[in-house]
Amino acid sequence: MDSIKAGYSQVVLVDNGGFFDESEMRRDLSWFLMDVMKLLGYDAVGCSEKELRFGVGYLKAQLKRTQLPMVCANLYDRKSGKLLLPPYVIKQVGTVRVGVFGLISNVLDLGPSRDSLRVEEPGAAAKRVVAGLRKKGATIVVLLSQLGKIESEDLVTAVDGVDAVIVGHNVPLLQKGRMIKNTVACYGGSEGQYVGRTVLTLDARRRMATGDDETFILGPEIPDRKDIAVLVKGFEDTFNEKLRKLEKERAAQEAEKATSGTPDHYLGQEVCARCHVAEAAQWKATGHARAWQTLVAARKEAVPECVRCHVVGYNQAGGFKELTLTPGLANVQCESCHGMGTQHDAYGSTPRKVTEQTCRSCHTKETSPEFDFALFEPHVNHKGVGTPQPLPESPMKKQLPAGK
Amino acid sequence: MKTLLFRILASAVLAAVAWLLLAGASSPKGATLEPDKLIILSTTDVKGKTGPCG
Numbered sequence: 001m002d003s004i005k006a007g008y009s010q011v012v013l014v015d016n017g018g019f020f021d022e023s024e025m026r027r028d029l030s031w032f033l034m035d036v037m038k039l040l041g042y043d044a045v046g047c048s049e050k051e052l053r054f055g056v057g058y059l060k061a062q063l064k065r066t067q068l069p070m071v072c073a074n075l076y077d078r079k080s081g082k083l084l085l086p087p088y089v090i091k092q093v094g095t096v097r098v099g100v101f102g103l104i105s106n107v108l109d110l111g112p113s114r115d116s117l118r119v120e121e122p123g124a125a126a127k128r129v130v131a132g133l134r135k136k137g138a139t140i141v142v143l144l145s146q147l148g149k150i151e152s153e154d155l156v157t158a159v160d161g162v163d164a165v166i167v168g169h170n171v172p173l174l175q176k177g178r179m180i181k182n183t184v185a186c187y188g189g190s191e192g193q194y195v196g197r198t199v200l201t202l203d204a205r206r207r208m209a210t211g212d213d214e215t216f217i218l219g220p221e222i223p224d225r226k227d228i229a230v231l232v233k234g235f236e237d238t239f240n241e242k243l244r245k246l247e248k249e250r251a252a253q254e255a256e257k258a259t260s261g262t263p264d265h266y267l268g269q270e271v272c273a274r275c276h277v278a279e280a281a282q283w284k285a286t287g288h289a290r291a292w293q294t295l296v297a298a299r300k301e302a303v304p305e306c307v308r309c310h311v312v313g314y315n316q317a318g319g320f321k322e323l324t325l326t327p328g329l330a331n332v333q334c335e336s337c338h339g340m341g342t343q344h345d346a347y348g349s350t351p352r353k354v355t356e357q358t359c360r361s362c363h364t365k366e367t368s369p370e371f372d373f374a375l376f377e378p379h380v381n382h383k384g385v386g387t388p389q390p391l392p393e394s395p396m397k398k399q400l401p402a403g404k
Numbered sequence: 001m002k003t004l005l006f007r008i009l010a011s012a013v014l015a016a017v018a019w020l021l022l023a024g025a026s027s028p029k030g031a032t033l034e035p036d037k038l039i040i041l042s043t044t045d046v047k048g049k050t051g052p053c054g
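Sequences listed follow chains C and H, in order.
Residues in the first sequence are numbered from 1 upward in steps of one, following my numbering.
Residues in the second sequence are numbered from 1 upward in steps of one, following my numbering.
Calculated from the structure, these hints are not laboratory results.
Straight-line alpha carbon distances no greater than 20 angstroms define the calculated EDC-like cross-link-like pairs of lysine to aspartate or glutamate that follow:
1) H:K47 / C:E305
2) H:K47 / C:E366
3) H:K37 / C:D212
4) H:K37 / C:E214
5) H:K47 / C:D35
6) C:K5 / H:D36
7) H:K47 / C:D28
Can you build the whole structure from these sequences, using the hints too?
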């Protein structure tokens with residue numbers, strides 16, 4: 001962001017919502033991300049049903065504390081009949097007057113807020129707000145949409161005057177944005193690993209003449225801002241310790257319940273290695289054998305959805321529970337790809353095939369955008385034929401799928 | 001004639017100085033970079049992540 005700001009004077013920074021974590025256990029991340037967004041100088045943020053999952057009171061308190069400019073033009077308090085949040089912000093950015101408004105879907109469940117809030121039909125709200133923004137002198141109008149891909153595209157087709165739409169809510173990641181009628185649409189990826197860059201070329205009246213959009217992976221080539229990195233590390237150290245404690249308690253409770261009633265369970269690679277010596281030796285040279293360490297290095301060893309793909313059988317019968325309880329099941333081992341060791345007899349005579357689908361259960365487009373089965377599979381297949389091609393050094397060097 | 005010419009020149013110089021001063025005041029600390037561009041940087045659906053798993 002700083003490098004963009006160094007090259008351009010007129011820059012707007014926005015998030016279109018959906019940044020609260022879905023787990024109650026990880027509620028702290030919500031307020032922390034709000035703090036960071038404020039520090040990074042976000043000009044506007046949108047609102048999704050995720051931001052409402054801990055209740056309206058929680059969201060309002062955090063907005064008051066952080067002064068983060070969250071906008072939503074179609075979310076109403078049922079009791080007062082008033083908008084819950086400001087519908088838009090107008091920013092003077094250099095010579096451009098930019099209006100940014102937000103919309104939430106009216107077909108989603110608002111969770112604990114469903115009884116206290118009402119969502120207006122997005123198209124009607126958009127027409128009213130765009131007209132209002134133009135009247136107030138906004139020469140550029142940006143929509144932070146939490147309507148999903150199809151609904152967002154339909155809306156900007158039906159409603160004139162939106163120059164750019166940031167499309168969110170379970171939207172596929174596309175490297176190149178596209179023009180929808182007169183609107184540039186940005187389909188940035190989720191989970192904080194990507195940033196969308198929409199470039200609007202302005203005419204003499206400071207209105208959009210042309211627009212272009214591209215999404216970038218925030219890979220290792222893009223260094224963290226030092227002050228933010230320090231803040232994140234401090235937060236994560238405390239937060240991970242808290243999660244580890246909770247996870248240990250939960251694992252101990254589960255261990256008490258025992259899994260004796262379940263016939264099949266995981267065994268760990270040491271058992272497999274007793275017979276499959278060559279395969280075990282080859283495995284030790286792969287990234288799979290160091291998967292836990294990469295998680296520790298990223299300080300994500302207490303984050304359940306990360307742990308799942310860096311250990312054997314997370315939270316399943318005989319599988320990884322927590323490092324101190326099940327140290328022999330850390331890393332991606334034999335059973336991660338070949339199945340539970342106790343099922344060995346069932347498939348021992350006919351070897352179970354490891355397919356692309358097996359790998360894709362962890363190497364998803366979101367978590368592993370650089371993953372290419374044909375390129376990666378030779379590194380782990382135990383065949384030992386020839387020298388596999390080197391793996392890509394960084395996700396930044398791999399192209400993302402282009403928009404259609 | 002000479003006085004008239006002097007007056008016209010003086011007015012022109014004054015106008016030029018005023019324009020330069022105004023132009024200088026309206027561009028804080030150097031010129032606007034890419035003045036015909038507006039960049040929108042965006043993040044979406046961050047879902048509680050502070051970074052990738054590793």
